[in-house]
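Trainee: The numbering used here puts the first residue of the sequence shown at 1, with every later residue one more than the last.
Don't take each hint at face value.
[Said to hold, decoys possible] Calculated pairs, DSSO-like style, for lysine-lysine (alpha carbon to alpha carbon, straight line, at most 30 Å):
1) K24 / K78
2) K79 / K24
3) K80 / K24
[As the list claims (entries may be wrong)] Computed spacing ranges between beta-carbons, pair by pair:
4) F50 / K79: 30 to 40 Å
5) K24 / G51: 32 to 42 Å
6) L4 / K80: 32 to 42 Å
Hints are computed from structural coordinates only; laboratory data are not their basis.
Where a beta carbon is used, it is the ideal one built from N, C-alpha and C, also for glycine.
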Amino acid sequence: MGLLYMIVLGLIAGTIAKFLMPGKDPGGIIVTILLGIAGSVVGGYLGQAFGLTGGGPVGLLGSVVGAVILLAGYRMIKKKG
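Based on the sequences and whatever the hints tell you, model everything.
Mentor: Listed below in structure tokens is the structure:
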């Protein structure tokens, strides 16, 4: 899975994560999309490390889950700070 593919998938995953976790986010939709990209890249590398190659719906699902987890963590950190 190429890095460019993971970035595009992350853009989509970040957008879906924003719809799954509505509310005011510190940084708004841009930060959410960036977290989606980060979740996609991390999820892609972890999937490769464990021998799971997931393109298509499987890759998108992993990216969305990663983005939701990163968004939840980001919200918790920003609320405390």
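Trainee: So, for every hint listed, does it hold in this structure?
Mentor: Each hint tested on the structure:
The suggested pairing of K24 with K78 holds, with an alpha-carbon distance near 11 Å, which does not exceed 30 Å. With a C-alpha separation of about 11 Å, the suggested pairing of K79 with K24 holds against the 30 Å cut-off. A C-alpha spacing of about 15 Å is found between K80 and K24, which places the hinted pair at or below 30 Å, so the restraint holds. Separation of F50 from K79 is about 32 Å and conforms to the stated range, judged on CB atoms against 30 to 40 Å.
Look at K24 against G51: about 39 Å separates their beta carbons, and that is inside 32 to 42 Å. Separation of L4 from K80 is about 35 Å and conforms to the stated range, judged on CB atoms against 32 to 42 Å.
Every hint, counting from the list given before, is met by this structure.
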